[in-house]
Amino acid sequence: MTLPLFWVFGGIAILSGFMCITRRSPVASALWLIQTMFSLAGIYVLLDAQFIAVIQVLVYAGAIMVIFLFVIMLLNLGRTKTTDMVGRPGQITSLVLGTLMTLELFVLNKVIPAEQFRLPEGTMATMTDEMGAVGMIAEPLFRGYIVPFEITSVLLLAAVVGAVVLAKRKI
Amino acid sequence: MKTEYIALLMLMGLVVITALGMLVGSHFLSARRPTKVKSTPYESGIPVLGGTRERFSVKFYLVAMLFIVFDIETVFMIPWGVSFRQLGLFGLIEMLVFVLILLVGFIYVWKRGALEWD
Numbered sequence: 116m117t118l119p120l121f122w123v124f125g126g127i128a129i130l131s132g133f134m135c136i137t138r139r140s141p142v143a144s145a146l147w148l149i150q151t152m153f154s155l156a157g158i159y160v161l162l163d164a165q166f167i168a169v170i171q172v173l174v175y176a177g178a179i180m181v182i183f184l185f186v187i188m189l190l191n192l193g194r195t196k197t198t199d200m201v202g203r204p205g206q207i208t209s210l211v212l213g214t215l216m217t218l219e220l221f222v223l224n225k226v227i228p229a230e231q232f233r234l235p236e237g238t239m240a241t242m243t244d245e246m247g248a249v250g251m252i253a254e255p256l257f258r259g260y261i262v263p264f265e266i267t268s269v270l271l272l273a274a275v276v277g278a279v280v281l282a283k284r285k286i
Numbered sequence: 019m020k021t022e023y024i025a026l027l028m029l030m031g032l033v034v035i036t037a038l039g040m041l042v043g044s045h046f047l048s049a050r051r052p053t054k055v056k057s058t059p060y061e062s063g064i065p066v067l068g069g070t071r072e073r074f075s076v077k078f079y080l081v082a083m084l085f086i087v088f089d090i091e092t093v094f095m096i097p098w099g100v101s102f103r104q105l106g107l108f109g110l111i112e113m114l115v116f117v118l119i120l121l122v123g124f125i126y127v128w129k130r131g132a133l134e135w136d
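Residue numbers (our numbering), protein chains in the order written: chain A, 116 to 286; chain B, 19 to 136.
In short, the hints are calculated from the structure, not lab data.
Where hints are given, some of them may not hold.
Here are the computed lysine to any residue pairs in the SDA-like style, where the Cα-Cα straight-line distance is at most 20 Å [claimed, not checked]:
(1) A:Lys283 with B:Leu41
(2) B:Lys56 with A:Ala273
(3) B:Lys129 with A:Gly277
(4) B:Lys129 with A:Leu189
(5) B:Lys77 with A:Leu189
(6) B:Lys77 with A:Val269
(7) A:Lys283 with B:Lys56
(8) B:Lys129 with A:Leu272
(9) A:Lys283 with B:Met83
(10) B:Lys77 with A:Glu230
(11) B:Lys56 with B:Leu41
(12) B:Lys129 with A:Phe133
(13) B:Lys129 with A:Val269
(14) B:Lys129 with A:Ala282
Please take these sequences and the hints and turn them into a complete structure.
Quick look at the structure:
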């Protein structure tokens, strides 16, 4: 059951990603991007990462997309006819970038991850049964990775200060 | 893959079918006699004042940005709240440090007047 569902969600993700980058209207692009993020949430569930899937929907498909729509509104991107990838330089840039990213995909597919990044099959499923989908995140996050967790708050603090400095320059 | 998610999958299918049904149904069943008034955008019965493609103030962006930051703070609080008993006092102090650092940001935002709307 998992594999066919993976193909379905992966297919939807790729299709909507393609639609996202080919739409002329920025708002239509943003809506296709939401579709991509929802399909990724489905893939996270298939990977037994339920908490991440919920956060994907709440934060990415919800909050981050609101930011994207705000940027579209603020920059007043109506229905623009042109893109910034035009002419010979644009074609060359997109060709080089596209080739690089495709090559990266091939390399990533070949690489075998290091020992500590590999879990025996079914580890996630049994851990979810033992501690619950959220408890599985909480245990390592608040015990093993305490310093990164605390530093995250400093990162968020920097984001707050940055946003205020950029947007409230006048006062 | 958990069997509980079958229900969610069924809901998703139902949503897609309903949405498509509404679009297709209204396309084939509706009678279209457009007039000039009918074609104007609906603005709660008030005559249209101008184009919708106006430039919005950057103040909206600031509010959205602040929302995201404190939204992510809440995301970290959910697993902490779920495992509160297992983590005990250690977890409480840990989360207190986290919230205190972000409180500095909140006080900064407040004192800079970023929450004032003018």
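Hint check results:
no., hint, result
1, A:Lys283 with B:Leu41, "violated (44 Å)"
2, B:Lys56 with A:Ala273, "violated (50 Å)"
3, B:Lys129 with A:Gly277, "holds (15 Å)"
4, B:Lys129 with A:Leu189, "violated (25 Å)"
5, B:Lys77 with A:Leu189, "holds (10 Å)"
6, B:Lys77 with A:Val269, "violated (24 Å)"
7, A:Lys283 with B:Lys56, "violated (42 Å)"
8, B:Lys129 with A:Leu272, "holds (15 Å)"
9, A:Lys283 with B:Met83, "holds (13 Å)"
10, B:Lys77 with A:Glu230, "violated (48 Å)"
11, B:Lys56 with B:Leu41, "holds (19 Å)"
12, B:Lys129 with A:Phe133, "violated (45 Å)"
13, B:Lys129 with A:Val269, "holds (19 Å)"
14, B:Lys129 with A:Ala282, "holds (15 Å)"
Violated hints for the displayed structure, listed by number in ascending order: 1, 2, 4, 6, 7, 10 and 12.
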